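Counting in full-length UniProt numbering, the sequence shown runs from 1 upward without gaps.
Since the hints were derived computationally from the structure, they do not count as laboratory data.
Everything numeric in this text was worked out from a predicted model, so none of it was measured.
One or more of the hints may lead you astray.
[What the hints assert, rightly or not] Pairs of lysine to aspartate or glutamate, EDC-like flavour, derived with a Cα cap of 20 Å:
1. LYS29 / GLU99
2. LYS9 / GLU99
3. LYS8 / ASP61
4. LYS9 / GLU84
5. LYS54 / GLU44
6. LYS96 / GLU79
7. LYS9 / ASP46
8. LYS57 / GLU97
9. LYS10 / GLU84
10. LYS29 / GLU84
11. LYS29 / GLU97
12. LYS58 / GLU71
13. LYS9 / GLU79
14. LYS23 / GLU99
15. LYS21 / GLU97
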Amino acid sequence: MSAHFQTKKKVLTIIQDNQDKIKTFGVKKLGLFGSFARQEQNTESDIDLLVEFKRGKKTFDNFIRLSFLLEDLFKRRVELVTTEALSPYIGPRILKEVEYVLVPS
């Protein structure tokens, strides 16, 4: 991926501006965590996003297509994590740090 330098604000704006596209994959909630949320990112940082799908919409296709869309929008690697996949060790820290951008409407 290209090393476009982005800020937390830019990432959040891109998500908000594309929420209709993002919701087509059954997304219920989408939140930013990791280095971008802490504003500690650099040109090599990936964008860490926590996703929660609507009931019955968490499919492999939706997950992969959402990942591709987000990497396309950000022009950098995206680490997409579902709430169910959070480790019991690091999960609580992520849940404290996550900043939800896309929430149920």
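Verification of the supplied hints:
no. : hint          : in the structure
1   : LYS29 / GLU99 : 10 Å, holds
2   : LYS9 / GLU99  : 11 Å, holds
3   : LYS8 / ASP61  : 27 Å, violated
4   : LYS9 / GLU84  : 27 Å, violated
5   : LYS54 / GLU44 : 31 Å, violated
6   : LYS96 / GLU79 : 18 Å, holds
7   : LYS9 / ASP46  : 15 Å, holds
8   : LYS57 / GLU97 : 25 Å, violated
9   : LYS10 / GLU84 : 27 Å, violated
10  : LYS29 / GLU84 : 13 Å, holds
11  : LYS29 / GLU97 : 15 Å, holds
12  : LYS58 / GLU71 : 19 Å, holds
13  : LYS9 / GLU79  : 18 Å, holds
14  : LYS23 / GLU99 : 17 Å, holds
15  : LYS21 / GLU97 : 25 Å, violated
Violation of the numbered hints given earlier is confined to hints 3, 4, 5, 8, 9, 15; the remaining hints are satisfied by the structure.
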